[in-house]
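Number of protein chains: 2
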Amino acid sequence: MSKENHSYKVHFLPHDREIVVQEGTTVLEAAHEANVYISSICGGMATCGKCKVVVEEGHVESPPTILLSPEELTNNYILACQARVTSNLLISIPPETRIEGGQILLSSEETLGVTAGKIHGLLPGVEYKHDPLVKKIFLELEPPTLDDNLPDYERLKRAIMLKEGISMEALEAGLEILKGLPACLRQNREDRWRITATVAQHGLMQEIIHIELGDTTQAGWGLAVDVGTTTIVTELLNLATGKALDIEATYNSQMKWGEDYIQRIMYAQERNALEDLQKSVIKDINGLLSILLARNHLKSEDIKAITCSGNTAMIHFLLVLDPTLIRKEPYIATANFIPTLKANELGIKIYRHSPLYCLPSVAAYVGGDITGGAMAIGLDQEEVLCLFIDIGTNGEVVLGNKEWMVCCSASAGPSFEGSGVRHGMRASSGAIERLDIAEDLSLSYKIIGNGQPRGICGSGLLDTIAALLRSGAINKSGKLLKGNSPRIRETEEGLEFLIVEAAQSTTGSDMVITQADIQNLIRSKAAIYSAVATLLEAMHLKPSDIQKVYLAGGFGSYLDIRNVITIGMLPEIPTDRIHFVGNSSLAGARLSLLSQEAFARVKDIASKMTYFDLMSNPRYMDEFISANFLPHTNPDEFPSVYQELAAKHPAFR
Amino acid sequence: MSKENHSYKVHFLPHDREIVVQEGTTVLEAAHEANVYISSICGGMATCGKCKVVVEEGHVESPPTILLSPEELTNNYILACQARVTSNLLISIPPETRIEGGQILLSSEETLGVTAGKIHGLLPGVEYKHDPLVKKIFLELEPPTLDDNLPDYERLKRAIMLKEGISMEALEAGLEILKGLPACLRQNREDRWRITATVAQHGLMQEIIHIELGDTTQAGWGLAVDVGTTTIVTELLNLATGKALDIEATYNSQMKWGEDYIQRIMYAQERNALEDLQKSVIKDINGLLSILLARNHLKSEDIKAITCSGNTAMIHFLLVLDPTLIRKEPYIATANFIPTLKANELGIKIYRHSPLYCLPSVAAYVGGDITGGAMAIGLDQEEVLCLFIDIGTNGEVVLGNKEWMVCCSASAGPSFEGSGVRHGMRASSGAIERLDIAEDLSLSYKIIGNGQPRGICGSGLLDTIAALLRSGAINKSGKLLKGNSPRIRETEEGLEFLIVEAAQSTTGSDMVITQADIQNLIRSKAAIYSAVATLLEAMHLKPSDIQKVYLAGGFGSYLDIRNVITIGMLPEIPTDRIHFVGNSSLAGARLSLLSQEAFARVKDIASKMTYFDLMSNPRYMDEFISANFLPHTNPDEFPSVYQELAAKHPAFR
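Protein chains in written order, with this note's numbering: chain H, 1 to 653; chain D, 1 to 653.
In isolation and in its complexed conformation, chain H is listed as follows (with noise of 0.2 Å):
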């Protein structure tokens, strides 16, 4: 029998999970089989170090790494993206590899739910109607007799006619709603037809995509999706409550393929790959619905709709829509406006005749996370001009108000997403979101839930270079500074600086902030800065024309508004007219599941927008190098920060 008929028994720790693999088959792929999530960040690539596993018994294949200390090798750690099942294994999860569940905990205004009728936007009065884009409606139908001999089928319209005003005219069922209809109602042992029906809106229609017995109207569900280019955030919503239940994000797999989303295009062109991509992200949302199931006692046919939000690119992938002219000027998408599609025709394991729908584009590098996220905060509603910001691996950046709004885009890269950084991770729990460094270079810190550090995300690395510079531990050019403190300290790849102990932390290694580290995230904020000065440049506006500026992005759940100026991601503006709204592009998928008039006015706003190319604008390469530098290389831009920095650092006198 040749090797490759070999299959084994993988079996997970704590998770008690059990599987069967083909010898070679990686402890990672064994895992996602079994869907156990496990951290990784560089999707296989063996350069993170973030999938740390325990063969507790049995063998692994496994290449020499550096990511695993001595004592971790004795201690039968192995990397689970490089070890290959080459017997039975019994495997355990450590605590800093494990992904959790409510890990990203829900805010206050996530779960607020329905009040007077109307969902809640991310702002104080940006409300919407709560009309579900796919609703259950109970009835109840008189059974028919010789005089009113209606058709079941227009029996049930004219009940869903006279209960909800949609015109029979707009109201249609499948084939198999029709072939189960007779029997359904027929099931019903009143005088009265008690029904419930689930109805989806389908462009200028309704379908009817689902009937049961009985009043189930309190037991629907959706899902809102943020598919972004690293992160992919998954949030379970009852539509008749309108409350957000439960919420569960991963990195998106496809990074395998490249960190942006350009590399995964030109991959996908490549290799002829497409369908790899789409595979990956699909498996990714049925990887994250299963554990929102699993954690709520759902099933899969309980979901009865899904929206998603994302950029252009990721939306292409999602649907195998060509993307490769989206790279190449004019930088074109297939569609900005897609229609109303079957989750179940993605492959997404819901119920079957569930809709998806994707909020709008604007353009080839403006999606319907930014969108979503201008409907979130109520942009096109606006008196006074706005800017909104929407920090991934992309930099969108809108300028506007009701009168009129502009758009582009930049590329952020994913450091502020907690990739690409040594110790960055996603907002969740055991990430430091917030960070002080104290003259004496000793520090403080907050954490995302109970117990010690496992990472830093966006919010805490933002801190963190803000510290640095304050503290004068960084120089202008984001450069360590060798002092005589222990934290920063020589190392073959350069300085780092020690930021927790290894004693301190979950991981069992020193965590720390690394120059490249501190490199990656000043480029990161310098391509939104110049997104915004080009923009302003553009539209003859200044910073101080800015009334009031919404920043959004994964940071954390608290981001330090003086700490964006002071970094200089953000030109100086009154940090009073500066506010952190969190994940806007979640926000916008959400409420555009909750609310018709919600996602009408996202479709709205995607039509109004104005796209703005940054690429062929010479400006914005001259504004990138200019912002890359804390603050900037322009004292008379950020006079105040200066001010400050002077106040400690003779170099910036």
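Treat each hint with caution, since some may be false.
[To be verified] Covered by chain D, according to a simulated footprint, are these stretches of chain H (three or more residues, beta-carbon under 8 Å): (1) 161 to 172; (2) 309 to 321; (3) 335 to 341; (4) 604 to 618.
[To be verified] What follows is a set of in silico ranges between Cβ atoms, one per label pair, in the way DEER data are often shown: (5) D:ALA600 / H:GLN218: 35 to 41 Å; (6) H:ALA273 / D:ALA600: 43 to 49 Å; (7) D:ASP215 / H:GLN218: 38 to 44 Å; (8) H:MET168 / D:LYS179: 31 to 37 Å.
Hints in this document: simulated from the structure, not taken from any laboratory.
All values reported here derive from a predicted model rather than from experimental measurement.
All residues carry an ideal CB built from backbone N, CA and C; glycine is no exception.
Here the structure of chain H is known, so what remains is to put chain D in place on it, guided by the hints.
For chain D alone, kept in the frame of chain H given last:
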């Protein structure tokens, strides 16, 4: 090796088609598999004897039958439905058994096509805007630039909106079209992108179901299908020109499960065999389609739309909708208005995204064949009181005008469709469609097409009864009177009347009308008459109030109106008020296919028509019993017929 594993080649002449089948397959099944069409009325029950074929080489297993003459047996004739394959076979199909092309001639109206943007109904002045449910639109798009960077999908929708005035919001495409769009557009080598989009009406939306390079607007075809209880007729139409290209019909293979649909519903329910009934009708349609495609050198992908008209039960069978409630008080259909479906999901082999539209029903016993027919004759626009009668296996009667319409249905049986009558046949080539009998009982007749007679179709049978009555060969009760003529002769089964001698017939045997045939035809005409009488009475109207009568059905291309009254199928109404309109059900399907206006009108008619139940009306049975005579028991109802007959026969004085 077990016997079941043998398989044999069966080669059919003159078609020169070969197929491999399992041992034990009937020759009829093999022929169906090979797409070789053989006459068969009884659907394999060995009662009609129409499926005679000749075994040229090889041998079959065949039970004894009286339907083959000793001479035929000597010449290796077999019944294809009874003979089972037990070796390789060479089968030749004699002319009378062949179903050949173009048997039902297209009338001049049907081939008219579009005049001044209008298509024509069955009566002068009845016309509808030529605007097919599915249409091909030639578009010339400007390729995108940095200034006009609309995505491909929105660019396509914009072009359709500009050309056709369809709002972009009402236009959508499925995922497959989206996926193929960028490549299709960029196949264009010119400075403008020239493509043809096929757009299908789907409720309030218009779905882009196909895109292709260049201008192919003239190359779009659709199929109109009359799904009758006894006969299925398919007509091939060019969507752009509105011209009917070809027509093909077959007996409905479901006949093996019952002559009328009530029997079939019972069969489906008792045997849990609804899907068998559906597969049967789909196979019939696919068979007819393959003949039309082959004869017109088209591919299945060329067919972009199907419209189906049929009674409510037939549509339920077609869609596998539960029909059992149709036959139980209060007689409820699953649906009257069927949503737009994909033909493909029913198993009809045309382009996979082509829609199937069903003409809407009024009630469980009045279907889309009637609403479509009413539209085709413009009944809902008539100023004066009209009577519309469609004579099929059910006889449906509509009374009304533009103010109101009432309808009912009576079970007439299939005898006027040529079924249940010894030498009956469909109105196709070789059928006697007109017949007269002189006083000496000598016959004259007219045959459809050229050549010798193969059987008698509906109009010929109607003429036969009238002529037998006039000539004195039958009495009031329809009994054949044994006289001096050798044409009326005694057999073991009773008297029969010789119509064509074996020498003059293609079948090689005498063509007769039997006593049983006559009784069947009288019952059929009585059902129609009593339905008309009951409906008139219910509305407190008299026959003389009716200004126009439209008679429809698959009789042939000609119907002798005086004979319709002579046999008492219709009350005595001046013959110049009576018009034969042919197959109005097919016309309804054809007009709907070619005109969104016509289809909208059918829906409007279906909503407005009031159904009148005969089964719960005791008058109907009384009327039926009185009508079971020629022309009727009551001379006062038929004064002119009595007067005419009295001149010759004392019994009518």
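Hint-by-hint comparison with the structure:
Here's how the stretch 161 to 172 of chain H fares: 3 of its residues keep a CB closer than 8 Å to some CB of chain D, so the rule of at least three is met and the hint holds. Remark: the stretch 309 to 321 of chain H is confirmed as covered by chain D, as 3 of its residues place a Cβ nearer than 8 Å to a Cβ of that chain, reaching the required three. Counting residues of the stretch 335 to 341 of chain H whose beta-carbon sits less than 8 Å from any beta-carbon of chain D gives 7, enough to reach three: the coverage restraint holds. Here's how the stretch 604 to 618 of chain H fares: 3 of its residues keep a CB closer than 8 Å to some CB of chain D, so the rule of at least three is met and the hint holds.
Range check, ALA600 of chain D to GLN218 of chain H: about 40 Å between beta-carbon atoms, so the 35 to 41 Å window is met. Taking 43 to 49 Å as the suggested C-beta distance range, the pair ALA273 of chain H and ALA600 of chain D conforms, at roughly 48 Å. Evaluation of the 38 to 44 Å hint for ASP215 of chain D and GLN218 of chain H yields a failure: the beta carbon distance comes to about 55 Å. Separated by about 34 Å at the C-beta atoms, MET168 of chain H and LYS179 of chain D satisfy the suggested range of 31 to 37 Å.
The earlier numbered hint that this structure contradicts is number 7, and it is the only one.
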